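Could you build the full structure based on these sequences and the hints that come with them?
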Amino acid sequence: MMKMTNRLALAVMLGGLGIDAFAQPRMLNLEGAPDLHAEHWYSIRAAGEEGAKPIEVYIYGEIGFWGVTSGDFIRDLKEIDDGVSEVHVHFDTIGGDLFDGIAIHNALRALGERCTGVIDGACFSAGSVAVCGAHQVRMADNAMLMIHNPWTYMAGDSNELRQMADMMDKASEGIVASYQHRALNIDDAELRRMINDTTWLTASEAKTHGFVDEVFGEVSPLVNNAALGKILNRYRNVPEAALRLVGEVEPAAPEPEPAPAPEPDPVPATPEAAELAAKLATDCAQAGLSNCVSYLIKASALASADAVQSHFNRAKDVRAACLVANLPDDAQGLIEAGLNGDQARAKLFDKLAASSSKVEISNLPPVDDGPQAGAHQPPAPSEVYARRRKQASKGGNNA
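Just so we're aligned, residue 1 is where the sequence shown starts under the UniProt record's numbering, counting upward by one.
One thing to keep in mind: the hints can contain errors.
[Stated by the list, open to error] Restraint-style ranges between C-beta atoms, simulated for each label pair:
#, residue 1, residue 2, range
1, L184, E79, 32 to 38 Å
2, A337, K170, 39 to 45 Å
3, A346, E214, 38 to 44 Å
4, S204, G83, 31 to 37 Å
5, H135, R193, 23 to 29 Å
[Stated by the list, open to error] No more than 27 Å apart at the CA atoms, straight line, and that leaves these computed lysine-lysine pairs for BS3-like:
#, residue 1, residue 2
6, K351, K316
7, K316, K298
8, K347, K298
9, K78, K53
Quick caveat, the hints were computed from the structure, so don't treat them as lab data. No experiment lies behind these values; they were computed from the predicted model shown. A virtual CB, placed ideally from N, CA and C, is assigned to each residue, including glycine.
Encoded structure:
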(Lines of atoms letter the chains of each structure in order from A and count residues from 1; the text may use other names and numbers.)
(Lines give C-alpha, C1' and ligand atoms only; values in the text may rest on other atoms or scores of the structure.)
Protein backbone atom coordinates (compact mmCIF):
# COMPACT_ATOMS: atom_id res chain seq x y z
CA MET A 1 0.00 0.00 0.00
CA MET A 2 1.39 3.38 -0.99
CA LYS A 3 0.89 5.97 1.75
CA MET A 4 0.73 9.67 1.04
CA THR A 5 1.06 12.56 3.48
CA ASN A 6 -1.96 13.10 5.68
CA ARG A 7 -2.60 16.55 4.24
CA LEU A 8 -2.46 15.31 0.67
CA ALA A 9 -4.64 12.37 1.57
CA LEU A 10 -7.18 14.72 3.06
CA ALA A 11 -6.94 16.92 -0.03
CA VAL A 12 -7.79 14.06 -2.35
CA MET A 13 -10.61 12.98 -0.06
CA LEU A 14 -12.00 16.52 -0.09
CA GLY A 15 -11.83 16.58 -3.86
CA GLY A 16 -13.86 13.41 -3.94
CA LEU A 17 -16.40 15.06 -1.69
CA GLY A 18 -16.84 17.80 -4.27
CA ILE A 19 -15.03 20.49 -2.29
CA ASP A 20 -12.92 22.55 -4.67
CA ALA A 21 -9.28 23.23 -3.87
CA PHE A 22 -8.43 26.88 -3.38
CA ALA A 23 -6.20 28.65 -5.88
CA GLN A 24 -4.52 30.40 -2.94
CA PRO A 25 -3.16 29.04 0.34
CA ARG A 26 -6.00 29.22 2.79
CA MET A 27 -6.03 28.57 6.52
CA LEU A 28 -8.80 26.09 7.19
CA ASN A 29 -10.82 27.43 10.09
CA LEU A 30 -14.42 27.52 11.14
CA GLU A 31 -16.47 30.66 10.97
CA GLY A 32 -16.58 33.08 13.89
CA ALA A 33 -19.59 35.28 14.48
CA PRO A 34 -18.85 39.01 14.86
CA ASP A 35 -20.83 41.10 17.27
CA LEU A 36 -22.99 43.02 14.80
CA HIS A 37 -23.31 40.98 11.63
CA ALA A 38 -23.77 37.22 11.80
CA GLU A 39 -22.64 36.90 8.19
CA HIS A 40 -19.47 38.98 8.57
CA TRP A 41 -16.14 38.47 10.28
CA TYR A 42 -15.64 42.16 11.04
CA SER A 43 -17.52 45.27 12.11
CA ILE A 44 -16.53 48.93 11.84
CA ARG A 45 -17.89 51.67 14.07
CA ALA A 46 -17.68 55.24 12.83
CA ALA A 47 -16.00 57.96 14.86
CA GLY A 48 -18.31 59.92 17.13
CA GLU A 49 -19.34 63.47 16.39
CA GLU A 50 -18.19 64.83 19.75
CA GLY A 51 -14.46 65.42 19.79
CA ALA A 52 -11.79 63.18 18.32
CA LYS A 53 -13.01 59.65 18.93
CA PRO A 54 -11.23 56.73 17.29
CA ILE A 55 -12.75 54.52 14.65
CA GLU A 56 -13.21 51.09 16.23
CA VAL A 57 -12.73 48.07 13.99
CA TYR A 58 -13.39 44.50 15.18
CA ILE A 59 -11.98 41.51 13.32
CA TYR A 60 -13.72 38.75 15.26
CA GLY A 61 -14.02 35.52 13.31
CA GLU A 62 -12.45 33.85 10.31
CA ILE A 63 -10.80 36.30 7.94
CA GLY A 64 -12.02 36.11 4.36
CA PHE A 65 -15.06 33.86 4.75
CA TRP A 66 -18.86 34.31 4.52
CA GLY A 67 -18.20 35.56 0.98
CA VAL A 68 -16.72 38.74 2.49
CA THR A 69 -13.21 39.56 1.26
CA SER A 70 -10.46 41.92 2.31
CA GLY A 71 -11.69 44.19 -0.48
CA ASP A 72 -15.06 44.53 1.26
CA PHE A 73 -13.31 45.24 4.56
CA ILE A 74 -11.04 47.92 3.08
CA ARG A 75 -13.92 49.54 1.19
CA ASP A 76 -16.06 49.76 4.35
CA LEU A 77 -13.17 51.20 6.34
CA LYS A 78 -12.46 53.86 3.72
CA GLU A 79 -16.11 54.91 3.65
CA ILE A 80 -16.02 56.10 7.26
CA ASP A 81 -12.35 57.05 7.61
CA ASP A 82 -12.07 60.84 7.81
CA GLY A 83 -8.30 60.74 7.34
CA VAL A 84 -7.49 62.19 10.78
CA SER A 85 -9.16 59.99 13.41
CA GLU A 86 -7.24 57.24 15.11
CA VAL A 87 -8.14 53.74 13.99
CA HIS A 88 -8.17 50.95 16.59
CA VAL A 89 -8.36 47.48 15.06
CA HIS A 90 -9.28 44.73 17.54
CA PHE A 91 -8.42 41.09 16.80
CA ASP A 92 -9.89 37.88 18.14
CA THR A 93 -9.46 35.52 15.21
CA ILE A 94 -8.21 32.02 14.63
CA GLY A 95 -6.97 33.00 11.15
CA GLY A 96 -8.39 32.68 7.67
CA ASP A 97 -7.31 33.40 4.12
CA LEU A 98 -3.62 34.30 3.95
CA PHE A 99 -3.88 36.79 1.10
CA ASP A 100 -6.82 38.56 2.73
CA GLY A 101 -4.64 38.81 5.84
CA ILE A 102 -1.79 40.33 3.82
CA ALA A 103 -4.16 42.80 2.15
CA ILE A 104 -5.47 43.92 5.56
CA HIS A 105 -1.87 44.20 6.79
CA ASN A 106 -1.06 46.59 3.94
CA ALA A 107 -4.25 48.59 4.47
CA LEU A 108 -3.45 49.11 8.16
CA ARG A 109 0.13 49.99 7.32
CA ALA A 110 -1.09 52.67 4.92
CA LEU A 111 -2.91 54.38 7.82
CA GLY A 112 0.46 55.16 9.39
CA GLU A 113 0.71 56.34 12.99
CA ARG A 114 -3.06 56.62 13.28
CA CYS A 115 -3.45 52.83 13.39
CA THR A 116 -3.22 50.70 16.53
CA GLY A 117 -3.74 46.95 16.49
CA VAL A 118 -5.29 45.49 19.65
CA ILE A 119 -5.12 41.74 20.30
CA ASP A 120 -8.09 40.99 22.56
CA GLY A 121 -7.88 37.19 22.49
CA ALA A 122 -6.73 34.80 19.79
CA CYS A 123 -4.58 36.21 17.00
CA PHE A 124 -3.50 33.19 15.00
CA SER A 125 -2.25 32.51 11.50
CA ALA A 126 -3.49 35.13 9.00
CA GLY A 127 -4.63 37.26 11.95
CA SER A 128 -1.04 37.63 13.15
CA VAL A 129 0.00 38.69 9.64
CA ALA A 130 -2.75 41.33 9.53
CA VAL A 131 -2.13 42.85 12.96
CA CYS A 132 1.58 43.40 12.24
CA GLY A 133 0.58 46.02 9.69
CA ALA A 134 -0.51 48.37 12.48
CA HIS A 135 1.87 51.14 13.57
CA GLN A 136 1.52 50.08 17.19
CA VAL A 137 0.35 46.71 18.51
CA ARG A 138 -1.12 46.22 21.98
CA MET A 139 -1.91 42.79 23.41
CA ALA A 140 -3.97 41.66 26.38
CA ASP A 141 -1.88 39.81 28.96
CA ASN A 142 -4.11 36.73 28.65
CA ALA A 143 -4.17 36.71 24.82
CA MET A 144 -2.09 34.57 22.47
CA LEU A 145 -0.43 35.01 19.07
CA MET A 146 0.53 32.21 16.66
CA ILE A 147 2.70 32.23 13.53
CA HIS A 148 3.15 29.40 11.04
CA ASN A 149 3.54 28.50 7.37
CA PRO A 150 0.59 28.67 4.96
CA TRP A 151 -1.58 25.57 4.71
CA THR A 152 -3.73 24.51 1.81
CA TYR A 153 -5.44 21.54 0.26
CA MET A 154 -5.88 20.60 -3.37
CA ALA A 155 -6.18 17.63 -5.68
CA GLY A 156 -4.23 17.19 -8.88
CA ASP A 157 -1.39 15.39 -10.60
CA SER A 158 2.24 15.52 -9.48
CA ASN A 159 3.06 18.56 -11.65
CA GLU A 160 0.14 20.54 -10.24
CA LEU A 161 1.13 19.61 -6.69
CA ARG A 162 4.73 20.75 -7.32
CA GLN A 163 3.48 24.05 -8.73
CA MET A 164 1.30 24.54 -5.66
CA ALA A 165 4.25 23.77 -3.37
CA ASP A 166 6.38 26.35 -5.21
CA MET A 167 3.62 28.92 -4.93
CA MET A 168 3.27 28.25 -1.19
CA ASP A 169 7.01 28.77 -0.73
CA LYS A 170 6.59 32.19 -2.32
CA ALA A 171 3.60 32.87 -0.08
CA SER A 172 5.81 32.06 2.91
CA GLU A 173 8.16 34.83 1.80
CA GLY A 174 5.21 37.21 1.96
CA ILE A 175 4.57 36.12 5.55
CA VAL A 176 8.21 36.74 6.50
CA ALA A 177 8.17 40.18 4.87
CA SER A 178 4.95 41.12 6.69
CA TYR A 179 6.38 40.29 10.11
CA GLN A 180 9.62 42.09 9.28
CA HIS A 181 7.71 45.33 8.72
CA ARG A 182 7.91 45.53 12.49
CA ALA A 183 11.18 46.16 14.34
CA LEU A 184 11.60 42.60 15.55
CA ASN A 185 14.19 41.60 18.11
CA ILE A 186 15.04 38.38 16.27
CA ASP A 187 17.02 37.83 13.10
CA ASP A 188 15.75 36.43 9.81
CA ALA A 189 16.89 32.87 10.51
CA GLU A 190 15.18 32.74 13.91
CA LEU A 191 11.97 34.19 12.48
CA ARG A 192 11.88 31.55 9.75
CA ARG A 193 12.53 28.81 12.31
CA MET A 194 9.62 30.02 14.43
CA ILE A 195 7.34 30.11 11.39
CA ASN A 196 8.37 26.62 10.27
CA ASP A 197 7.85 25.21 13.77
CA THR A 198 4.39 26.79 14.26
CA THR A 199 5.15 28.98 17.28
CA TRP A 200 2.62 30.04 19.93
CA LEU A 201 3.46 33.20 21.87
CA THR A 202 2.08 34.61 25.09
CA ALA A 203 1.76 38.37 25.38
CA SER A 204 5.08 38.73 27.20
CA GLU A 205 6.86 36.49 24.67
CA ALA A 206 5.35 38.40 21.74
CA LYS A 207 6.59 41.65 23.27
CA THR A 208 10.07 40.22 23.89
CA HIS A 209 10.37 39.20 20.24
CA GLY A 210 9.06 42.56 19.00
CA PHE A 211 5.68 41.49 17.60
CA VAL A 212 3.94 43.60 20.25
CA ASP A 213 4.73 47.04 21.68
CA GLU A 214 2.61 47.00 24.83
CA VAL A 215 0.89 44.46 27.07
CA PHE A 216 -2.22 45.59 28.93
CA GLY A 217 -4.50 44.08 31.57
CA GLU A 218 -6.81 41.15 31.08
CA VAL A 219 -9.72 41.73 28.74
CA SER A 220 -12.61 39.60 27.53
CA PRO A 221 -13.44 39.57 23.81
CA LEU A 222 -16.78 41.13 22.94
CA VAL A 223 -18.12 38.00 21.26
CA ASN A 224 -18.03 34.30 21.93
CA ASN A 225 -15.49 32.56 19.71
CA ALA A 226 -15.63 29.31 21.70
CA ALA A 227 -17.10 27.53 18.68
CA LEU A 228 -13.69 27.86 17.03
CA GLY A 229 -12.04 25.62 19.61
CA LYS A 230 -12.47 22.35 17.77
CA ILE A 231 -10.61 23.73 14.76
CA LEU A 232 -7.37 23.97 16.74
CA ASN A 233 -6.74 20.29 16.03
CA ARG A 234 -5.68 21.40 12.53
CA TYR A 235 -2.73 23.32 13.96
CA ARG A 236 0.51 21.84 15.25
CA ASN A 237 1.93 22.12 18.77
CA VAL A 238 -1.23 23.68 20.20
CA PRO A 239 -0.50 24.61 23.84
CA GLU A 240 -3.06 24.20 26.59
CA ALA A 241 -3.17 27.97 26.98
CA ALA A 242 -4.53 28.33 23.45
CA LEU A 243 -7.21 25.74 24.12
CA ARG A 244 -8.18 27.52 27.33
CA LEU A 245 -8.20 30.87 25.53
CA VAL A 246 -10.81 29.71 23.06
CA GLY A 247 -12.80 27.75 25.63
CA GLU A 248 -12.81 30.23 28.52
CA VAL A 249 -15.42 32.56 27.02
CA GLU A 250 -18.76 31.99 28.67
CA PRO A 251 -21.05 30.25 26.19
CA ALA A 252 -24.22 32.01 25.25
CA ALA A 253 -27.39 30.81 26.91
CA PRO A 254 -28.65 27.82 24.96
CA GLU A 255 -31.59 28.34 22.71
CA PRO A 256 -34.77 26.80 24.09
CA GLU A 257 -35.47 23.41 22.67
CA PRO A 258 -37.85 23.75 19.73
CA ALA A 259 -41.19 22.09 20.05
CA PRO A 260 -41.06 18.62 18.55
CA ALA A 261 -42.34 18.49 15.01
CA PRO A 262 -45.75 16.89 14.77
CA GLU A 263 -45.83 13.37 13.50
CA PRO A 264 -46.67 13.29 9.80
CA ASP A 265 -50.15 12.28 8.92
CA PRO A 266 -50.53 8.57 8.39
CA VAL A 267 -49.86 7.56 4.82
CA PRO A 268 -53.24 7.01 3.15
CA ALA A 269 -53.85 3.40 2.27
CA THR A 270 -54.59 4.02 -1.39
CA PRO A 271 -53.52 1.97 -4.40
CA GLU A 272 -51.36 4.89 -5.55
CA ALA A 273 -49.59 5.12 -2.18
CA ALA A 274 -49.02 1.38 -2.09
CA GLU A 275 -47.54 1.50 -5.58
CA LEU A 276 -45.23 4.38 -4.63
CA ALA A 277 -44.12 2.56 -1.47
CA ALA A 278 -43.36 -0.61 -3.43
CA LYS A 279 -41.34 1.29 -6.03
CA LEU A 280 -39.47 3.17 -3.31
CA ALA A 281 -38.58 -0.08 -1.55
CA THR A 282 -37.27 -1.54 -4.81
CA ASP A 283 -35.23 1.57 -5.63
CA CYS A 284 -33.79 1.68 -2.12
CA ALA A 285 -32.76 -1.98 -2.30
CA GLN A 286 -30.93 -1.35 -5.57
CA ALA A 287 -29.22 1.76 -4.16
CA GLY A 288 -28.15 0.15 -0.88
CA LEU A 289 -30.66 2.20 1.12
CA SER A 290 -32.97 -0.54 2.38
CA ASN A 291 -32.47 0.59 5.97
CA CYS A 292 -33.90 4.02 5.07
CA VAL A 293 -37.16 2.91 3.45
CA SER A 294 -39.28 3.55 6.54
CA TYR A 295 -37.83 7.03 7.02
CA LEU A 296 -38.28 7.98 3.36
CA ILE A 297 -41.89 6.83 3.39
CA LYS A 298 -42.61 9.04 6.41
CA ALA A 299 -40.59 11.98 5.10
CA SER A 300 -42.26 11.99 1.69
CA ALA A 301 -45.66 10.96 3.06
CA LEU A 302 -46.00 9.26 -0.33
CA ALA A 303 -47.65 12.50 -1.37
CA SER A 304 -46.68 12.15 -5.02
CA ALA A 305 -44.18 10.45 -7.28
CA ASP A 306 -42.16 13.68 -7.45
CA ALA A 307 -42.05 14.00 -3.66
CA VAL A 308 -40.90 10.42 -3.23
CA GLN A 309 -38.28 10.76 -5.97
CA SER A 310 -36.96 14.00 -4.46
CA HIS A 311 -36.41 12.40 -1.04
CA PHE A 312 -34.89 9.31 -2.63
CA ASN A 313 -32.45 11.35 -4.74
CA ARG A 314 -31.38 13.33 -1.70
CA ALA A 315 -30.73 10.12 0.22
CA LYS A 316 -28.68 8.77 -2.69
CA ASP A 317 -26.55 11.93 -2.73
CA VAL A 318 -25.85 11.59 0.98
CA ARG A 319 -24.91 7.92 0.68
CA ALA A 320 -22.64 8.68 -2.30
CA ALA A 321 -20.80 11.31 -0.24
CA CYS A 322 -20.37 8.82 2.61
CA LEU A 323 -18.99 6.18 0.25
CA VAL A 324 -16.44 8.62 -1.18
CA ALA A 325 -15.41 9.59 2.35
CA ASN A 326 -15.12 5.90 3.26
CA LEU A 327 -17.71 6.43 5.99
CA PRO A 328 -20.66 4.34 4.73
CA ASP A 329 -21.97 3.70 8.24
CA ASP A 330 -22.69 7.42 8.64
CA ALA A 331 -25.17 7.49 5.76
CA GLN A 332 -28.32 6.44 7.61
CA GLY A 333 -27.85 8.96 10.41
CA LEU A 334 -27.19 11.82 8.00
CA ILE A 335 -30.16 10.87 5.84
CA GLU A 336 -32.53 10.62 8.80
CA ALA A 337 -31.23 13.98 10.04
CA GLY A 338 -32.75 15.44 6.87
CA LEU A 339 -29.45 16.58 5.37
CA ASN A 340 -28.88 17.02 1.66
CA GLY A 341 -25.68 16.11 -0.17
CA ASP A 342 -23.90 19.42 0.43
CA GLN A 343 -24.77 19.45 4.13
CA ALA A 344 -23.59 15.87 4.47
CA ARG A 345 -20.29 16.74 2.78
CA ALA A 346 -19.75 19.54 5.29
CA LYS A 347 -20.35 17.14 8.19
CA LEU A 348 -18.05 14.56 6.65
CA PHE A 349 -15.39 17.22 6.04
CA ASP A 350 -15.32 18.10 9.74
CA LYS A 351 -15.08 14.45 10.69
CA LEU A 352 -12.29 13.78 8.18
CA ALA A 353 -10.37 16.87 9.22
CA ALA A 354 -10.58 15.90 12.90
CA SER A 355 -9.15 12.47 12.15
CA SER A 356 -6.92 13.41 9.20
CA SER A 357 -3.87 11.87 10.86
CA LYS A 358 -5.45 8.49 10.22
CA VAL A 359 -6.21 9.01 6.54
CA GLU A 360 -4.43 6.70 4.14
CA ILE A 361 -4.66 6.37 0.39
CA SER A 362 -3.95 3.15 -1.44
CA ASN A 363 -2.85 2.85 -5.04
CA LEU A 364 -4.72 -0.43 -5.36
CA PRO A 365 -7.90 -0.33 -7.46
CA PRO A 366 -11.17 -1.18 -5.70
CA VAL A 367 -12.09 -4.82 -5.67
CA ASP A 368 -15.01 -5.68 -7.92
CA ASP A 369 -17.06 -8.47 -6.37
CA GLY A 370 -19.00 -9.11 -9.58
CA PRO A 371 -17.87 -11.29 -12.50
CA GLN A 372 -15.62 -9.52 -14.98
CA ALA A 373 -16.57 -9.62 -18.63
CA GLY A 374 -14.11 -11.56 -20.76
CA ALA A 375 -12.30 -13.05 -17.76
CA HIS A 376 -11.14 -16.67 -18.11
CA GLN A 377 -13.61 -19.08 -16.51
CA PRO A 378 -12.42 -22.57 -15.45
CA PRO A 379 -14.16 -25.50 -17.23
CA ALA A 380 -16.99 -27.21 -15.42
CA PRO A 381 -16.09 -30.62 -13.90
CA SER A 382 -18.72 -32.34 -16.08
CA GLU A 383 -16.94 -31.06 -19.21
CA VAL A 384 -13.59 -32.45 -17.98
CA TYR A 385 -15.04 -35.91 -17.32
CA ALA A 386 -16.87 -35.97 -20.66
CA ARG A 387 -13.64 -35.12 -22.49
CA ARG A 388 -11.74 -37.87 -20.68
CA ARG A 389 -14.41 -40.49 -21.44
CA LYS A 390 -14.26 -39.53 -25.11
CA GLN A 391 -10.47 -39.88 -25.13
CA ALA A 392 -10.70 -43.27 -23.35
CA SER A 393 -13.18 -44.61 -25.92
CA LYS A 394 -10.67 -43.74 -28.66
CA GLY A 395 -7.83 -45.42 -26.80
CA GLY A 396 -6.18 -42.15 -25.88
CA ASN A 397 -4.22 -41.42 -22.73
CA ASN A 398 -5.90 -39.60 -19.88
CA ALA A 399 -4.38 -36.35 -18.80
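Against the structure, the hints come out as follows:
1. Range check, L184 to E79: about 33 Å between beta-carbon atoms, so the 32 to 38 Å window is met.
2. For the hinted restraint 39 to 45 Å between A337 and K170, the CB-CB distance of approximately 43 Å keeps it satisfied.
3. Checked against the given bound of 38 to 44 Å, the beta carbons of A346 and E214, roughly 41 Å apart, stay inside it.
4. Between S204 and G83 the C-beta distance comes to about 35 Å, which sits within the given range of 31 to 37 Å.
5. Taking the beta carbon of each, H135 and R193 are about 27 Å apart, inside 23 to 29 Å as hinted.
6. With a C-alpha separation of about 20 Å, the suggested pair K351 and K316 falls inside the 27 Å cut-off, and the hint holds.
7. For the suggested pair K316 and K298, the alpha carbons sit about 17 Å apart, so the restraint of at most 27 Å is met.
8. Taking the CA atoms of K347 and K298, the gap is about 24 Å. The hint holds against a cut of 27 Å.
9. Our distance criterion of 27 Å between C-alpha atoms is met by K78 and K53, whose separation comes to about 16 Å.
Figure legend: structure checked against the earlier numbered hints; every hint is met.
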